[in-house]
Structures are given as C-alpha cells and as structure tokens.
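Work from the hints to combine the two standalone chains into their complex.
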Amino acid sequence: NPYAGLVSRLRAAWLSGKTRPMEYRVAQLEALGRFLDEKKQDILEATASDMGKPPFEAEFTEIILSRNEIHETLNNLSCWMKDKYTERNLVTWLDSAFIRKDPYGVVLIIAPWNYPIYLLLVPLIGAIAAGNCVVVKPSEMSRNTERLVAEVLPSYLDKDCFAVVTAGVQETTRLLENKFDYIFFTGASSVGRIVMTAAAKHLTPVTLELGGKNPCYVSDTCDVQNVAQRVAWGRFFNAGQTCIAPDYVLCSAEMQEKLLPALRKAISDFYGPNPRDSPDFGRIVGDKHFQRVQALLRSGHVVIGGEMEESERYIAPTVLVDVQPSDPVMQEEIFGPILPIVIVANVDEAIDFINSRERPLVVYAFSSNDKVVNRVLERTSSGGFCGNDTLMHVTLTSLPFGGMGNSGLGMYHGKFTFDTFTHHRGCLHRGMGREILNNPRYPPYTQKKMGLTRAASEVKRKGACTLL
Amino acid sequence: MERMQQVVGRARAAFNSGRCRSLEFRMQQLKALERMVQEKEKEILAAIKADLHKSGPNAYGHEILGVLGELALAMDKLPSWAAPQPVKRNLLTMRDEAYICSEPLGVVLIIGAWNYPFVLVMQPLIGAIAAGNAVVVKPSEISENTAQLVADLLPQYLDRELYPVVTGGVPETTQLLTQRFDHILYTGNSTVGKIVMAAAAKHLTPVTLELGGKSPCYIDKDCDLAVACRRITWGKYMNCGQTCIAPDYILCDPSIQSKVVENIKATLQEFYGEDVKSSPDYERIINKRHFKRILGLLEGQKIAHGGQTDEASCFIAPTILTDVSPESKVMEEEIFGPVLPIVTVKSVDEAIEFINRREKPLALYVFSNNKQLIRRVILETSSGGVTANDVFMHALVPDLPFGGVGNSGMGAYHGKHSFETFSHRRACLIKDLKMEVVNKLRYPPGSQKKVDW
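In order, the protein sequences belong to chains A and G. Read left to right, the first sequence gives residues 1114 to 1581 (the working numbering). Read left to right, the second sequence gives residues 8 to 460 (the working numbering).
The following block holds chain G by itself, in its conformation from the complex (with noise of 0.2 Å):
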C-alpha cells in the first residue's frame, strides 16, 4: 500500500511541478517512445512471443505498427489538438474572448490487457502524454513477459517520476485503485470493469472502460460468401481468438451454413496448411486458466471443423460449430478463443431481433451486397462499433472512436480521441471590466422593462 502512494504521489508531484504542460516537454517524451519502440523492436516482439506465441511478423503488425503510427499522428497533430478553440459568442459576450482551453487533468491510470499486451498499454499512454498527464501504467500480469518488458524499458526513455511503471497481480491493482486518480483508463472484462468503477466512485474519478462481449457477425444470404469467410477467419483466429473486437459468433441463415463452414476451412487451410499445429502464425492460449475454460465450451457442440487440443502447449485447432442452441454455454459468454459458433436465423430481422436481446456488444459485423440491409442492421441496433463487410477495420480508422457501449465498456479513445479522453476541456470566458453601463440590465431592482428587453 505504501509503495502505492509512493508511486502515485511522486507522480503527482512531478505532475504539480508543471513540467509536463509545455508541448516541447509532451513532445520530447513522445519522440523518446517513438524510438523506444524502434530500438528495442527486437525485445519487444520477444517478449509478446514468449508471452502469445505470436510470430515476428504477426506481433509486428498487430502491436508494433498500430503503435508507431499513433505516436506519429500524436505528434503530428499535437499543437492543433492543444489549441484554444474559439466558440461563437451570442450578443452579451460580443467583445469578449470566449474559447475553450484543453488541459491535462492531472495523474491518470492505464491498466492494459494480456491479449495485445503492448499496444493496449501504449496506445492509452501516446494520448495521456500528449495530453500533458503524468501516467502510472499497470500492465497485465498475465502476459508477463510484455509486462516486465515495459517495466524496464519506459524508465529507460520516459521520465521517471512522470510515468512510471507497476506491475503486479490483482491484489496490487487492488491496491493501486484505492489511490486517487484524475482518470482511468481500463482494457478488460466487464467484471472488473464495475469493480474498476467502483473504486472509481470513490473519489468521482472518470473512467473509460474498453470491455467486451459477444461481438455478433451476420452473414447474408446475398453476398460474396468466399470474400466474407475470408475476412472472418482472418479475425476470428487473429492472436487465436483472443481480440476484444474478433467476431464472436456467426448469425446466417441454415442455408448457407455448410457453405461457410466450407468457405471458412479453405481458408484455413490457405493461412495455416495443413498442420495448423505447426504453423508460425497461429498462436496458442494465453494460459491454462483460459484454456480449460474455451474446452468447456465445446461439451455437446456439433464440431464441423477442428477441436484438437494439446493442453501442454495452450493449442486448441481453429474450430467451427454449427446448428449452436442460443442457450448453450458457448452462447453465453465472451469466447475470446479459436471457437466459432454458427446459429442459424432465418432473416435478418430473426437476426436483429437476436442481436437486440442481448448485452450491446464491442463490435458488429454485417456481410451483405445489400446497402439498406446494412443500413438497417446498423439503425436497428446498438454497439461499441462497426465494421460492415469486414472485420476489425473500423478499430484501424484513427479518427473513429473506438470504445464499447453498456456492457461492452463506455469512453472512446485512438487518436484524437485519446487526446480528448484525457484532457479537460475548460470553458473559459474573458470579458473586460469596462463597459459596466452593459451589465447594468441584469442587476436588481429588477423591472418587467429589463426583462422584455
């Protein structure tokens, strides 16, 4: 607990300091990640190996690209985003300056997630910094490896006492909510999402959560199949099923089924081969925790394709279930694994229907050549984002917000969006002190004449 307040409170006497207000300060630490990531890109993509068994190439194009080009739009942006914004006065404010001021708002908390366990921590902290905060980062334990990594390499770019790192496992975490923050953002289930709040409440911290949920992809009758199934097995096996955004499920009519489930098994065959075991970019389970918990998901269930499992090594084979009861385990919660369920509907408004009786997601997908039936599926529902005729996309779009919806989370963040997420936006309002004759109007005795006026 008092290594805690130690760490919080240096933070924030450094962030009282001032130091961190000045653009060239923001800038500077900026630039220090930026070749933070280029130096060590070696040991970074080591450490998510060691931790996801994600390949070089895939680790590099999931964490570290997304990550070198926030800090560049950061940087790029950043006079522009701090700027004063003038507003439109009314006639009372005429001769005034009337603007508003973004600020930093002080000591902000950045708890990542294992699933992409370096970008979920930097791409919140590009923004924080930018914004002019001082920033603890609370890595994921569970992906240990990244975890240690970023404990060691921030302190060696970033100033100390303004970012520093804490690691450690939940009672640490526990531990860290208890202190006060300015803001905090949290990447993780919805479970710890309230406990996150909670302790929020506390001290009325504002908070942006980037949970979860089943992220529902429906697929229509009229529509590419083979372009569509490739898109999805892309997302869906990504990292082996362990994105917050990757498609959770699959809404199609009975139809089409075993057409996708053959579209979808080319495909694995044409990215993994025929030994996906033995492929260099499929991953495994984080641990066996999560491990255990997807096996259980797959009692009763009709497999079309995969189910092999070897425990010793977190693999379980990319696999498809069909005709999935609605009810059924698989169907409840967050899968967050190489499992893809396909329940049947018969039209989109079954669809929509389905879609709407659960919790909002974090992201929906629709497949369809059919422009109103995507703008209706859209209209008619509710959630975090959407990606229509893909997957994943819309999360890669800079100037989209990216946040959940209900269960799925609340806040947004990326790009400009972080910036915002982590400033006061003060409204401000000079007036001169001459012209009293003005004001005069407003003050007692008041008169029915003042007020017609």
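Looking at chain A on its own, in the form it has when it is part of the complex (with noise of 0.2 Å):
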C-alpha cells in the first residue's frame, strides 16, 4: 500500500489536535488567499496550457470565486463552529442540548480537470475550515495545474496535516484502498460508483459530485435574443467543460426558428467571426476528449459551427438540430461546445422528456411566463434550478449545490461545505441532581407509573413540545 504511509502520517497529526483551534484553521484559510493572490498568473497560465482557458474566465472561476468562498468562510467561522443549542423537551427542561461540530479526521479531496483549481479549493476550503487533515488529489488530465499544485500549494500549508498526491487511475485505486473519514469526489458518475465502493469498505460518508445533461428549456413567450446570449454564455463557457452547462435545448419548432439566428448573433458578438481566433473561447483538455466530443457531432445536422483543428483540440461553437432522442449526441454528457436542439410541442412534452431520463445535475427553464418557470419547476427533480439563466445559481454560496441520483450525493458550497466536512454529534449535558424526576423510567413498572408516564407525555398537535 503505498499510500500507507502518508495516510499514518496524517492520522498522527489529526490526534496531535493540531488543525483543531479556530486560529490554526484561519491561519490555513489566509494561505489559501495567499495562495491566489500570489500565483494567479501562474494559475491564468496553467490553465491556459491545460485548455485554452480564457483569462477572463480563468480570473472568474479560479480565482474570484475561490476567492469568495475562503472570504465567507473566513466571516463566519467561529460562527459555523460554535455549540448550536437545540430545544429541549420538558424532561430536559433544565440541561443542556447542543449539536457540537467536530472533524471527521482525515479526509480524502478528489479534484476534477475542468475548474481545477476552483474545484479542488472550495471543498479544501470546506474541510480545513471544519478541523481535518486533508489529502488532495488534483486531475492528472489538467497536467499543468496537477504540477503547479503538487510543487506550490504545500508550501502554503502546513506539510503536517495536508498532503498533495499525484495520482493517475492506478494509482488513485491504490489511494483508494486506504481508510479516510470522509471522502470528496468530483468527476463522471462512473468514477463516483467505484469511489462509493471503495468507501463503503471503511463506512467512510462520502459526497459525490457528479454529472449528467442539464436539459434547457425555452418557451414561446421569451425574449428570444436574452435567452440566446444567457444560453450560449452557459453553453459554450470553458468550450462546454462545465458540469452545470445547459446540454440540451427543448423547445418548439417555431422557437428553434426564432432562436437559431439569435445564438448565431450571440456566438459573434462573443468570439467573433471565427472563433479559433479569440482569446474568449477555450478549447478541449485532451486528446480522448476531443475524439470523443467529435464524435458527436454525428448526431442531427450542424446549422451553427462545426468546424474542428485536432492539432488545437479546437471545436468552434457548434448548434445542431434534428437531433433524435436516440442520437449518440443524447446517450452522453456532451461536456463540449456543442448544443443539441430537440423538438417538442409544449412545457407538457419538455418535462415527461427530462423525467424520463436520469436526474440531472441541473434544470434551466425560460419563460417571461412566471407560470411555465414554476411548472417545470415543480414537475421536475434535480440537484438545482435556474429559471431564466444559465450557471449563476452556483455563484450563490448560500444555495447548496450538489447533484440527485446519477448526479450526485451530498452538497456544499459556503457553509454547506463546512456542514459537510462535519460531523454533527448531538451532545446532552445533564445534571446528577433532580434523581425524583427520573424515577418514573424505572422498573419495577407500576400502574402508577404508567400513568404517569401516560399523562406526562400527553403529546399536544399545537405548537407542544414532545414530552416523554
């Protein structure tokens, strides 16, 4: 096991107590910030080389929103970390109740290629903020952000108690072997499966964040060239490496006619007439993926776009339509940018059609129609919504953020990271005295006690406390 090591290594940190006291873990946070501050064109550069990222989008994503998150941990720890006092019940009237927030240990951080940075700090931000000692393993896909990783960011923090693996597939199996106390997982909802299994070995909690094709659908009544821009914005942001993109489009015919030319106008008010050319739109991480988005494009027609360069893993903005449910473009998530349109009569057909799929990681719903938003709304299930934009719920930290079924398990973002990397221990603090009132819980049971007891846990409807 060769990961033996540094897992005891860590174990033995964790018991020194060491990540415990709230200005250790704060101290860790401003690293972090130092960490962005410090090496953000390192990081701009990174991630340019791993996939065309735009710096617009790489200062957005990497670095702001990061940036955000260790801000808002950085506000309200000691408020997220205190004792939270419960209510009591009447015979426990006089003591003490308080759920205590106490780390779960060790805990493992897997980070995905597409926001590699972003993606592997929020949860660490989350877990250093509840008290753990933390191994992180970023993708070996993003190569240039894995080693600007590997070779920085242990300098920030404390070699102790947070670890940077490197690791491809075998080697990540090997990590996998070993006991955590909690373990982080971003990626596809194949690799989530054998991440669960491997943690249900240890009974180690696991959160996964996963994936699926966030279905789009646009109504009749809409602003037809907003929804173009906020579409293609979500659609092709990062090339289309985005978790959260909007994968498909539902709508009617006559709504594919009206929004055809106006994502044609959106594509070239963002990245021009040719896109290859701007330093606006990313391009496809590796050579795997940019085979397997390719072969997508062998799906419907291509009325938008289309055009390739291997040698750059660029595909350009691409809007197919006659797409068939049946078509390799819907068998997938499509994690490229490429934008399938499929047809169907009404709101109605739009939501027997996602309900007939897996749960996705997101439903996005366009209406200036109030009523067709909440429609989908209620109909459907799925980690999260958007009504009337793309992508923006998750700059949100107060809305948790996590997938369903196929998509997911567990949530965070803000204090639902901190939540997550905690373990939530009811405490009950009694006193010795007051023996009497106890005296009716024990043997030998007489009628006497049994009314007593009876009547004592009288439990009213209205707004009663539970007796027992």
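I should point out that these hints are in silico values taken from the structure, not numbers from a laboratory. Heads up, the beta-carbon is just placed ideally off N, CA and C, and yes, glycines get one too. Hints may contain errors.
Stated by the list, open to error - DSS-like, lysine-lysine: derived pairs with alpha carbons at most 30 Å apart:
1) G:K423 - A:K1214
2) G:K56 - A:K1561
3) A:K1314 - G:K209
4) A:K1214 - G:K49
5) G:K299 - A:K1314
What the hints assert, rightly or not - Stretch by stretch, here's where chain A covers chain G in the computed footprint (C-beta under 8 Å, at least three residues):
6) 62-71
7) 106-119
8) 430-441
Here you go:
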C-alpha cells in the first residue's frame, strides 16, 4: 500500500489535535488566499495550457469564486464552529442540549480537471474550516495545473496536516484502499460508483459531485435574444466543459426558428466571426476528450459552427438541429461546445422528456411567463434549478450545490461545505441532581408509573413540546 | 427477484403519479399511522412481548411513546419543514428569487432492526412519509412477530402501493438491495452496513447507516456514584442490554470499582427484585444464536455479579465483570447483552486515550460533577452522540440529530433531521429575462476592465 505511510502520518497529525483551534484553521485559509493572490498568473497560464481557458474565465472562476469562498468562510467561521444549542423537551428542560461540530479526521478530496483550482479549493476550504487533515488529489488530465498544485500548494499549508498527491487511475485506486474519514469526489458518475464502493469497505461517508445532461427548456414566450445570449454563454463557457452547462435545448419548432439566428448573433458577438481567433474561447482538455466530443457531431445536422482543428483541440461553438433522442449526442453528457436542439410540442412534453431521463445536476427553464418556469420547477427533479439564466445559481454561496441520483449525492458551497466535512454530534449535558424526576422511567413498573408516564407524555398537536 | 421488482416498480409508479407530493396527502397518511398506533396498541405490545419478552409498560415506554411523539411533531411542523427557504442574495442576484426547496427523493428503503422492532421501522417511516416519498419497509425477520404485524397493519391504514412492506430474511433483503432506491436507511450492524453501502453504490444511492459499536461509559471519581450507577443500570439492562446506545462497558478508577459494583447490585435489586428471572420487567435475549454468543463472552472473566443463564428461555441474568482486560473477547465486539465489563483506568487521560484507540462509538457517556472534565472528554473524543451524567437521553431530544460516525454509522435522523434525510434540498434561482444589460459584464469579449469592476 504505497500511501499507507502518508495516511498514517496525517492521522497522527490529526490525533495531535493540531487542526482544531480556530486560529490554526484561519491561518491555513489565509494562506490559501495568499496562494490565489501570489500565484494568480501561474494559475492563468496553467489553465490556459491545459484547456485554452480564456484568462477572463480563469480569473472569474478559479480566482474570484475561490476567493469569495475563502472570505465567506473566514467571515463566518467562528459562528459556524460554535455549538448549536437546540430546543429541549420537558424532561431535559434544565439540561444543556447542543450540536457539537466535530471534524471527521483525515479526509480525501479528488478534484476534476475542468475548473482545476476552483473545484479543488472550494472543498479544501470547507475541509480545513471544519478542522480536518486533508489529502488532495488534483486531476492528472489538467497536467499543468496538477504540477502547479503539487509543487506550489504544499508550501502554503502545514505539511504535517495537508498533502497533495498526484496520481493516475491505477494509483488512485490504491489510494482509495486506505481508510479516510470522508471522501469528496468531483467527476464522472461511473467513477463516482467506484469511489463509493471503495468507501463502503471502510464505512466512509462520501459526497459525490457528478454530472449528467442538463436540459434547457425554452418556451415560446420569451425575449429570444436575451435567452440566446444566456444559453450561449452557459454552453460555450470553458468550451462547454462545465458540469452545469446547459447540455441540450428543448423547444418548439417555432422557437427553434427564432432561436437559431439569435444564437448565431450571440456567438458572433461573443467570439467574433472566427471563434478560433478569439482569446475568449477555450479548447478541449485532451485528445481523448476531443475524439469523444468530435464523434458526437454525428447527430442531426450542424447549423452553426462544426469546424474543428485537431492540432489545437479546437471545436467551434456548434448548434445541432434535427436531433433525435436516440442520437449519440443525446446519450452522454456532452462536455463540449455543442448545443443540440430537440423539438418538443409544449412545456408538458418537455417535462415528460426531462423526467424520462436520469436526474440532472441542474434544470434550466426560460420563459417570460412565471407560471411556465414554475411548472418546470415543480414537475421535475434535479440537483438545482435556474430560471431564465444559466450557471448563475452556483455563484450564490448561500445556495447548496449538489446533485441527485446519477448526478450526485451530498452538497456544498459556503456553509454547506463546512457542514459536509463536519460530524454533527448530538450532545446532552445533564445534572446529577433531580434524580426524583427520573423515577417514573425505572422498573418495577406500576400502574401509577405508567399513568404518570402517559400523562407526562400527552402530546398536544399545536405548538407543544414533545414530552417523554 | 421478480416480486421485488414488482413491489418497487409499483411504488415508483405510485410516486411518479405525484399523489404523495401534497402536504394534505402526507398529513393524511401520518394521521392514519397515528390511528393505527392508537387502535392497535394491544396487538403491537403483544407482538413485541412475543419477540423480546418485554412487558407491556416497558414496550409502551420504549416503542409506542416515541412513535406517537414523532408523529405529533411531524404533523405539527410539516408545513414549516416543507416550506421553501429564501436565502441571502448577492449584488448580482439582488433582484432575483433565490431559495432552497425541499423535495422528496422518490422511493426510499427502510431496513429495520430486531431490538426495538417497532420504533426502528416507524420512526424513519414517519420522516420518509413527511418528506413526500414512497417507502419500502423491510422489518427485521428476527423479530418475526413484529415483522408480521407491521406487514399486516400498514396496508390496512396506509396507501398500499406507496408504502409496501416486504418481509423475509437475508436472501430477500439481498434481492431487495439490487433494486434501485433513492435513499436507504439501514439500522443494524457494521458488517451488514458495509454490504448495504456497497449495494447502494451501484446505483449511487445515498445511505443513512445507523450502526453500533462499544459505547464507553466513563465514571469519574468525583461524582454521585449512587445516582450515576442507577442511571447506568437502567440503560445497560434495559431490553436485556440489546440497545445500540447501551453503555457497553465502564471505565473507572480501580479505587471505585467495587463501589460501582455495589451500587449497581443495589439498583438491580430495586428494579428487578430478588429473583430477576421472575420479574415481568426483565427481558430475554432475542434468540439462541445471540444467547450463545453472549455466553461465550463470559469465558475466563471475573464475574462480580450475575452470570446465571437458562438456555431454554434465553435468559441471562444482569451480569457485571470486573478487572476486565482490554484484550479479552468481551472487549472486542459490541456486547448487545446484559453483561457489563468494568475496565480500570488510572485517569481521565487514560480513559480518553483508551476510547480514541478504538472505533468511534455510537454513544459516549461520562459521569462527573466536574464540568471541565466533561467538556474535555467531549472535546477530545469522537462519537455519534453524547449524554453526560445520564444515558440514552440525547436520543430522546427531538432536535438533536441521532446517528453514528465512522464505524458506528453515517447520516442522522429523528425529528426534523428525518425530514431532511429523506428530502433533497434543491437550490432554486429564478431570474428575470429582462435587465440583460447587467449580464453584459460577464459576456465575452472579456477585458481587464470588466474583471476589475
């Protein structure tokens, strides 16, 4: 077991209690902030090398969104860490009942390649804030960022309690044989299953941030140009390599007619006449994914885009029409700059279509009619929901972020990350006196005691406390 | 296999019909459950008695009271639990609606245990129904009378398609676990817990595992020994020791060991009389297998009190072992029986170290007049839950989450925590299609000016 030494070293550090004081956690989090400030240029360069990530996108997601999480956490840490006193019932009225926020111990974070800093830091921030020791495994697919994280991040953090491990598939499998107290995984559903199966051997709780095909319903009543802009922005951001990107559009044939020129205009406004020349449009992360996405183009017809350049792993912002549910592009999460449009007659048909498939990470619905948006919200099930925009729900740290079914289990962002890496321990601190109050619970049982117990437990329906 | 597919398939179709989404429907089902518990009290107590030799008042107190309380709480709070929760917005979303919506998960599976066979099925069921799910209920086959009763009663009171009961043993449960659920709540032991989680992993099904372990009980020299031992005796020998949060073993200074024994003996006398076997309030071991298992734990031990057994009736007297070695068999597995080992430690430091060397337990108990000491023990250990200066009681506070950590489990329930366990908290952001000018900042072509703003 090549990682046994590392894990036991971190476990010893954990048992020493080093990561528990608030001052310690604050120091580590502030160091992460300095990492973002001092290494910003390196991060921009690394992500540009890895997937042609436009500097604007990298700054917004990898730097700014990560920094927001650090600030949110630092601003609220002392409050989050505090014991939460709860309501008591009559029997425990004079006692102290509270929820203690205990760290789990040694946790493992496995990060993906598409937002390699952001999706590594946000769980890490929560894990540190919650008082754990952490092993972080950045993705080997985003090679340059992986190298940056492995070489530079450890110097910002306490090496006794935090480690970065670089590992491919084989090594990750070996890593997962070790016992961790929590595992946080972001990636594909198929690997999510493997991670959870490995976790089951040690009864390790997990959070899995997976993916799926996020449907985007566009109703007939809407401001078409605005919709096109918001959808195009969400779809082509990071060259489509976003777990919450609108994966496909559902709309009527009439709407499609209006949407196509609007999409064409939006793409042109964003990236100019030749997106390949635009500094604001990314590339596919690796050859394997390039081949995979390229193959999906063999579905329906290309009406916008479709150009490719293998040497750069460039695929143009593309829109497909005449797409059938059975087409390759509708079988897997696209994770590329291709937007298929599937025709549905009306909102109910769209809802049925969505519900016949796996629950996605997010459902999008566009309409100027509130009722339509609400109908889609109420009749579907998904990790999250965003009406009349794409991606934005993720920027609100007060909203939990996570999937359902195939798109994942658990949630995070803001306080939810802290809670994810915390064991909420129910504690009751009683006094030794007033033993007489306990008498009814002890044997031998008499009619009188039963009567007392029953009477004391009369549960009133309206607003009463539960008695026992 | 086909039967399982059909049962689960029917439940899923019933869920998809949407009828369990409305709060009115859920309230109606909860009310029906309440009626069931009230109308069939006699039958329920009789089944529990047949399974565990538990007296009526005992069974009422342990199982029915809690269920009624949970039902009342759920019915009272459901509207507020289920209401959308608005969240704080930022500058970019100031004009939008942002809230968390609690939604049902779908079809959930509840696997019950045999030691409190009624409440351990009912309490999760209440939460699952309140959260709007369809529920497949699988009571433990070991407490066969209660299992059969649950199978008979639920269809009489609840929607039959939405809340089917599946009975059976290991083969049936294994088959059931191949089906796809949207959440599984399992109560039982860690070994099977791993099997449940591995099966759930195939479908990426979230799980709540209420497992067990050896819940330590530290008695400080500075405490009212008579009161402490009374409370410990109550918790240890209730249900003949077959409680997941029973104080499994005692840690105390050697100088008070004999006093502890004396106090427990006196309390046992008070509770069960001279002849424990004839007390109507003392239960029996669930079956021969567990009887033999617990008997085996007594080998080579110094029996300070008790030790009498009767295989025919699965009777094991309340037993206390002294000067127990940490390496002995009785200190290896969860006892789940009326055998109380005392392991001596010279200080609270040693006690903490002892506890931390072992798997994280479901419950931790500490008795002391010294508040600082109690605070320290809680701070320096980890466990599912804690009660200081008593046993069990943290499990009875509805607002405290009840669950384990590490080997003792994952997830939690009781009260509102049950509702949350069986719900999906869906993030919702509803924007306006207008005000597009605000969005221009984020669209390409990007520029330093935009970022700096």
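Checked hints:
no. : hint             : verdict
1   : G:K423 - A:K1214 : holds, 18 Å
2   : G:K56 - A:K1561  : holds, 21 Å
3   : A:K1314 - G:K209 : holds, 14 Å
4   : A:K1214 - G:K49  : violated, 42 Å
5   : G:K299 - A:K1314 : holds, 28 Å
6   : 62-71            : holds (count 5)
7   : 106-119          : holds (count 5)
8   : 430-441          : holds (count 11)
Consistency note: the structure conflicts with earlier hint 4 alone.
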